[in-house]
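There are 2 protein chains.
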Amino acid sequence: MSRQWVLARYIRELPQEEDFRLETVQLPPPGEGELRVRTLYASVDPGALSRLGGVASYAPPLGLGEPMTGAAVGEVLESRHEGFAPGDRVVGAWGWREHAVVGARTVRKVEAGAWPVSAELGVFGIPGLTAWFGILELGRPRAGETVLVSSAAGAVGSLSGQLAKRQGARVVGIAGGPVKCRWLLDELGFDAAIDYRAEPDLEAAIRRACPGGVGVFLDNVGGAVLDAALPCMAMRGRVVVSGLVADYGVPPERRAGVKNTPFFITHRLRMEGFVVYDYAERFAEARAELRRGVSDGTLRYREHVEEGLEAAPRLFAGLFHGTNFGRALVRVGQE
Amino acid sequence: MSRQWVLARYIRELPQEEDFRLETVQLPPPGEGELRVRTLYASVDPGALSRLGGVASYAPPLGLGEPMTGAAVGEVLESRHEGFAPGDRVVGAWGWREHAVVGARTVRKVEAGAWPVSAELGVFGIPGLTAWFGILELGRPRAGETVLVSSAAGAVGSLSGQLAKRQGARVVGIAGGPVKCRWLLDELGFDAAIDYRAEPDLEAAIRRACPGGVGVFLDNVGGAVLDAALPCMAMRGRVVVSGLVADYGVPPERRAGVKNTPFFITHRLRMEGFVVYDYAERFAEARAELRRGVSDGTLRYREHVEEGLEAAPRLFAGLFHGTNFGRALVRVGQE
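First to last, the sequence lines map onto chains A and B. In terms of full-length UniProt numbering, the first sequence opens at residue 1 and continues consecutively. In terms of full-length UniProt numbering, the second sequence opens at residue 1 and continues consecutively.
It is possible that part of the hints are untrue.
Heads up, incomplete: computed chain A residues facing chain B, CB under 7 Å, no partners named [to be verified]:
| id | residue |
| --- | --- |
| 1 | Gly222 |
| 2 | Val241 |
| 3 | Asp247 |
| 4 | Lys259 |
| 5 | Leu269 |
| 6 | Met271 |
Taking beta-carbon pairs under 10 Å as the criterion, some of the chain A residues facing chain B (in silico) [stated by the list, open to error]:
| id | residue |
| --- | --- |
| 7 | Gly243 |
| 8 | Asp278 |
| 9 | Phe320 |
| 10 | His321 |
If you are wondering where the hints come from, they were derived from the structure by calculation, not from laboratory data. Where a beta carbon is used, it is the ideal one built from N, C-alpha and C, also for glycine.
Use the sequences and the hints to build the structure in full.
Shown next as structure tokens:
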């Protein structure tokens, strides 16, 4: 028997714990080409919200009663695929489940290394890859340019800023609260940090922190944050839209809306959205570079781990209020 | 003595006739390197509104009491520059004035040709060049892609659509009223036309007219029109922002705002604004191509000419209600 969280009701606005239901199920034995895995860590990812409203997004919507999906790392208990053996560590997208039967072709074997296995869900997972391609392929900051990052203490934002810094950019982060801001400055080497909770006028705060204008804005938030940044962009600035957390839980008619569009003309701005899976063929190469950066200490990351599968919905709801600090994970099983 | 329109009060929202004052002035004689010109046509351009609110935009704001600026074409009456002689036709930016004294280096001599001189303010002027670079440099439609154009019966929009058509694109225009829509279909060869006044749901109308999705959206309007188009974009669609007429007269807090930003991620969209003057070094080359297109009948244009300098403010105010049909000009002097 194995426990799993399923979607209990479609989420129209911000998520609540009651949107999920914990079920106990009997898993089938693995078929040919399948694996039975035991979950070690499951990720709790704000981007998942876009699939929980019952309407199509860049991934098909999750149906009611279906197990919550998301990246997870686990240990193979039983293998019916020649490439895997019991004891192997694998990463997949089986979600908030204690155990799962998964197709071997849907998982990636974790390379042995000096990193905790949970890092496969953060710095070496989709957040790290999103930061990598967002900065190096889309934003492409030049040395001396100012790079602004929103949700800067999050998994994508913190890595984006460090990668931009390695390109020689001046890096400014927007985060919530003095603790996160201090971490950006003292641990990650950001040049400036803006505590949006302490700033009644975010646009003015960005302008003060970026006196030469923002060359690249890597935005994970959207909404009012995006609108505040647009007037602060440098001529020919680029906005890379890697996430729009502010919009995920809000129906269009109630969104703040981007009103500073005339700056696209006056400042010749470019805004581009992307989905990191489009770069899947280059994941291995990027991941190798990320591993190198973590090994030599030039890339740092932070995890927010809560104990037990039970914690997942509460942690998920909290993400939209900034209660986490670092990549949000639940520890589901002991290593 | 010469008459000119000056800015009587800053325009915070939509323009009214009373925002301008007609003055009679005595012009100084031209100094060394200057010309005295008599205006034949003055352009009435919605984009000018961005300079009339007393705040900086991509051009410095016009001060109270200053003559209204804008493209004009005229005849040289007196020259103190060796490159010009009385009788030459020149294009400059001296605005809504019967006569002007201008620096010879601020004007361009009109090449003799088979076109009416007024065309220098439209198809061979900034609107034509905006369409040219907007489609060929930014939008770059591929054969078979659908190009959507807003304000499609306007000077920029009508040329953009025709240029996109020449690239092999399928072209859909948004315009106000059945007369303009018929012109797009019957005279310019657009593949479809959407009368936004007859469509309660613009997004649905765009979707019907662009079943394969919009590859390139050349937007002259912004606001609700931009928001309606975003969900209809094809994967990796490009939005070229060449004008935002819907936003010019509206303070940010009262703008509709772009709310469909999540489509930037889901559809990997790119949005880019531009100012055509950035391509000034290539104007002559583009203008030669535009002249060729008009000569061989493959590019058509339409002018909305009203008689007399007096008509300019009323025509300007009407632009924001779509009362013009074609490039708006006033005829100031007889050829």
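Status of the hints after comparison with the structure:
no.	hint	in the structure
1	Gly222	holds, 5 Å
2	Val241	holds, 5 Å
3	Asp247	holds, 5 Å
4	Lys259	holds, 4 Å
5	Leu269	holds, 6 Å
6	Met271	holds, 5 Å
7	Gly243	holds, 7 Å
8	Asp278	holds, 7 Å
9	Phe320	violated, 15 Å
10	His321	violated, 20 Å
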